[in-house]
Amino acid sequence: MSTAELDTINPADALRMLRTMRVARQMSQRIAKLYPTDVMETPVHLCIGQEAVSAGLCCHLTDADQMLLGHRTHAPALAKGLPLRKLMAELYGRTTGCSHARGGSMHVFDPEHGLPGSSAIVGGSIAVGVGAALSSKLSGSDFISVSYFGDAATNAGVFHESMNFAALKQLPVLFLCENNGLSNVMPVAEHAAYEIAGVASQFMPVFRADGTDALSVYREAGKAVRQVRETRAPVFLECTTKRWMKHQGHERDDLEINPIDPVTDCPIARLERFMIGASLITPREILALAKEIEAEIDDAIEFAERSPYPQPEFVEA
Amino acid sequence: MSTAELDTINPADALRMLRTMRVARQMSQRIAKLYPTDVMETPVHLCIGQEAVSAGLCCHLTDADQMLLGHRTHAPALAKGLPLRKLMAELYGRTTGCSHARGGSMHVFDPEHGLPGSSAIVGGSIAVGVGAALSSKLSGSDFISVSYFGDAATNAGVFHESMNFAALKQLPVLFLCENNGLSNVMPVAEHAAYEIAGVASQFMPVFRADGTDALSVYREAGKAVRQVRETRAPVFLECTTKRWMKHQGHERDDLEINPIDPVTDCPIARLERFMIGASLITPREILALAKEIEAEIDDAIEFAERSPYPQPEFVEA
Amino acid sequence: MPWSRFDSNYRAPAGERDLAFVDAIREATDQAMCLDPRVFAMGLDADDKFGVFGSMRDMTHPERILGTPISENANTGVALGAALTGMRPILINLRNDFLLVAMDQIVNYVAKWQSMFDGQCAVPLVMRSVIGRGWGCGAQHSQSLQGLFAQIPGLKVVMPATPYDAKGLLLSAIKDDSPVMMFEHRWLYKNTGPVPEEMYTIPLGQGQRLHEGSSLTVVATSLAAIHTLTACEQRGLDVDLIDPRTIKPLDMDLILDSVSKTGRLLVVDYDFPFGGVAAEITSRVCEQAFDRLREPPQRIGFPEANMPASGPLERAYYPTPDTIGERIERWIGVEVCA
Amino acid sequence: MPWSRFDSNYRAPAGERDLAFVDAIREATDQAMCLDPRVFAMGLDADDKFGVFGSMRDMTHPERILGTPISENANTGVALGAALTGMRPILINLRNDFLLVAMDQIVNYVAKWQSMFDGQCAVPLVMRSVIGRGWGCGAQHSQSLQGLFAQIPGLKVVMPATPYDAKGLLLSAIKDDSPVMMFEHRWLYKNTGPVPEEMYTIPLGQGQRLHEGSSLTVVATSLAAIHTLTACEQRGLDVDLIDPRTIKPLDMDLILDSVSKTGRLLVVDYDFPFGGVAAEITSRVCEQAFDRLREPPQRIGFPEANMPASGPLERAYYPTPDTIGERIERWIGVEVCA
Ligand SMILES: Cc1ncc(C[n+]2csc(CCOP(=O)(O)OP(=O)(O)O)c2C)c(N)n1
Ligand SMILES: Cc1ncc(C[n+]2csc(CCOP(=O)(O)OP(=O)(O)O)c2C)c(N)n1
Ligand SMILES: [Mg+2]
Ligand SMILES: [Mg+2]
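Protein chains in written order, with our numbering: chain X, 57 to 373; chain W, 57 to 373; chain Z, 147 to 484; chain H, 147 to 484.
Keep in mind the hints are simulated off the structure, nothing from the lab. This structure is a prediction, so every number in the text was calculated from the model and none was measured. Positions of the beta carbon are idealized from the N, C-alpha and C atoms, including for glycine. A hint or two may mislead.
Cβ pair distances, simulated, as ranges [what the hints assert, rightly or not]:
no., chain 1, residue 1, chain 2, residue 2, range
1, Z, Met-345, X, Ala-351, 49 to 59 Å
2, X, Arg-288, Z, Leu-181, 50 to 60 Å
3, X, Gly-196, Z, Leu-181, 11 to 21 Å
4, X, Pro-364, Z, Asp-323, 22 to 32 Å
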């Protein structure tokens, strides 16, 4: 990354991305620390290492734009605007959670910020995202929709069907594939006999970004989102990235096929190096930002802890 | 088609194809004639105009090779070896039918000739065909499998999933798409936003043939089948063709988007012209062949008519 | 398939204006689409010249009718996404058998979305589907799958038997803010009966009495209700015939009220015999009105077998007004009702 | 999800050799694969280091264990195609919720194939799937779907409750020439009990009495059977506890025999409450043993709601040995059984 990148990003967005990524990272690290204590009785799929994808993308989205998520929800939901408190309270199973304690980690909801829900059955939410785009078209609205999914979700037939539907009906939807190269412990080469972008290119224009580099995502997502808005037709964006943690839970990944270099693979370290080099931020400011975010997380945890559990008599919602 | 084609086809195969196509055509015409009398209480999907595809393909298959069909069964099943009598009796709902009167027109069965069944739910039998190829691989057998389907079956997610499965596991299966440009009354451009061969090429080698020209199918299917046998890996063959009849039933099609030229679009007329030109057959011999086939059809109808209906007490098979 | 040859012997009492079942559905859909621009329809062949057996032809707003590819699973997800973001989709499947292709979306997504988010969102999604039968369609095109979907919390299930109910229930379904599935038996499409021209709704969960009697309560759904009615009328059976109209929620008050009177229960539901709607109704009556029952309850449904194709087998497979009537006569004898 | 923390309080009577439920499944699979080269296994994660919660680890023939992509529908079709052409597949789904993605193949294809061709072919296909529960997995990962599949003609459904049954039923399923679905409750995996080392089969359709009593017949499946057994033992309940083991076909003789003795029926089936296995058993008993029943039958299942995520809601949602025991005590009182 050189300072030439400066031309392509506005400094406010760089800061916004850094903040977004740090919120997701620090939040995830805190979850990982707390998880063994069982205060969160829900399966967590952490996004550590993958934060740049949603952070870069969401710089280009408005609250009106809809985003449909799968099971790995935290970073993209926070990037889209879900308040920390609401996410934390949901993980804690409290009524103040974004889904009122009914959803858990895989089911986040915040329509004010364009999050109509998420799903833990891999693949299907791609189609739901296309439906949001259909709404936009039929109601003559401006918003666009994002179907946000992992590499292995492209195995599912609904991926093919959804691309076909969106392309046939010319719907304003961005297919965002966050390709971390893994489906649980299975490498992408064992679950996909195809190039994801190659298949997608049979249906719509395709962009690709380096998902460990926030600036690359920012740039390509910018183009992709602009194209969806302008053409009101589907566009595909694949961001390759790396998953640092195990598929689920609080432990570091230990797959031999998934080596992580905490310096070059870290989207936050990379963006910080760039921003420091470009004089957009100082190490001291970063420290202050980190602290500020820690305080927000403290607040979210405190909020969650003092929020009530749901009453058992409301089991039938 | 010139006599240069002679280099590419052995005369016996040409004759075999002609016979196969004529059997399917004459049988279908007879069904169309009888259908309004309600002797066949089952929805028929006739193959008139499309006979070259299965006739050309089946020249290259053995009885051991498996073929999984959809709802449009007659021509491919006959080409693969299903006896006329068994098909006719099935259409007549008699116990001597290939499925003992339980299947009807869309469900044909003849394991002796590599027909383990067919399905009326569009798409799914593609996966079943892949499963037969898996058997071949796991049991160390030589046979190959054919998943035989229409253009609109490629809409279904199971198409994508099946190609991925076959390619990942390197299974000896031929994906045979009989593209008649129609899904009921919907033209292919309205149901598929993609090029079928383009999508398939992301998973496996692709061949294409003119499905109204038996020699073209013969040639390309020959290459495709050989490649499956040699590489023991999936191959795709798309044959474009034309449907002369309505999607279902005994009437000629009348869609404006589906004009038929009975001379150039007729695979039988084309092959006969070629064979006559190449002195492989005389018009007189063709007439004799047609008569011979008529007699076989008479026999099949007579067989069906004098076969018993199933007894109601066997409703629970 | 010459469906036209299956005509019904049901004629509803004459009313202001008679309409066929299929036209009642068409009218409800058209009126709802005219009233509310958020209402739209989608499904395979929904926009073609056959218009879903006529139920979608000549609509006022063709621009809000979308044909779809053969991708029932994605289609359902798309409809859900549209419902979540302000639209009110009517998703149509020509055969309820195709719903199985979309089962993940229907059961894991549509049925659960509201409860996963504690009802913070509306899911105004109507799923129409048609039950086929006969003419050698075979096992994959002749199922009646209401029993499967009734099991799933989060789905309402309606099954109109008359043109009046078809219009009123469909409008209720469209008006509802939660997912509603409507199963329409193809053999009812040509039946006619009185249908008001104006829009009206029938509360979901309100059954009706189609025939009055005191010796036996028959609870019957959809075509089975019409077949039972025919049997009652042709044979003069002393039967209290309850058509729940809505399978879920179920009008247990009406059923229990009738059983209290007759002391006997027969459930006729055209579906596979294991579990399902008939088993649920039978169980609830036994649980809640055990002391009122004077004899063991009975059920009529399909045999424990998939649908065969051949005519004689088909005719043996399906219950008919005659087999229902004979079963009832064997049970309660022939008495002319009051 | 720390499943390991859910340990069961079930201990089977001591035998020659104790084995965990999961190891009984593993042993059956391994023995079948060693015995018959046509037997192979496939499924998402079937070949990975976790080996389907341990049930597929360290197998003798890893070359016949295929991992698959997330394409449950095609996977099922592939397994069917293999079964039709000489192989004997065991198709595994880590969660029975994923079966819904494959519903078209299971219901329209697998269940119907033999009957569409009049039984001219074998379909020796076993579909194992695991029922999850708890730890905030939420509505999409906690279902028990035996009731859906039991409705469909052409599918056999088994639900082992003990390690002994897990091995014997799985071997029966593998030996069977028709499709068999086996639902395994994740909470049973660590339970231990006597399991013979040699191969043995349990006839499909043969239930067993897990506890002897005379005041109440409880028919309970899978984990519900174990929970009821616990309740009986802890509270000394006078209960005749029948575990049908096979949901379809159902051992009605054993159930009716017990009801004849006790005159009372409770069905405990962990599934949605509308129209599933519990409704079928209740209905059949009412139809076939009406005169033996002295009181209305009762059912225990899930509430009419999708599974919530939060701990307190989850704990309220699921029946437990205590809630079952209390319900039984309220009904028949506490009597020490003979
Ligand atoms: C239909 C379905 N099959 C299987 C699973 C189990 N499962 C949950 S997450 C996952 C891996 C998904 O990988 P990917 O889509 O790449 O997302 P990632 O976890 O890498 O973010 C699997 C197999 C599921 N939830 N749904
Ligand atoms: C899953 C499913 N959806 C819809 C249908 C209804 N249907 C039957 S055949 C057909 C068209 C199939 O077109 P294609 O695959 O091109 O085959 P063709 O009829 O042209 O040979 C449709 C939509 C079906 N049988 N199955
Ligand atoms: Mg991944
Ligand atoms: Mg076609």
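Hints, verified against the model:
1. The supplied range of 49 to 59 Å is met by Z/Met-345 and X/Ala-351, whose beta-carbon atoms lie about 56 Å from each other.
2. At roughly 27 Å, the beta carbons of X/Arg-288 and Z/Leu-181 sit outside the given window of 50 to 60 Å.
3. Taking 11 to 21 Å as the suggested C-beta distance range, the pair X/Gly-196 and Z/Leu-181 conforms, at roughly 18 Å.
4. At roughly 27 Å, the beta-carbon separation of X/Pro-364 and Z/Asp-323 lies within the given 22 to 32 Å, and the hint holds.
Comparing the model with each earlier hint shows a violation of hint 2 alone; every other hint is respected.
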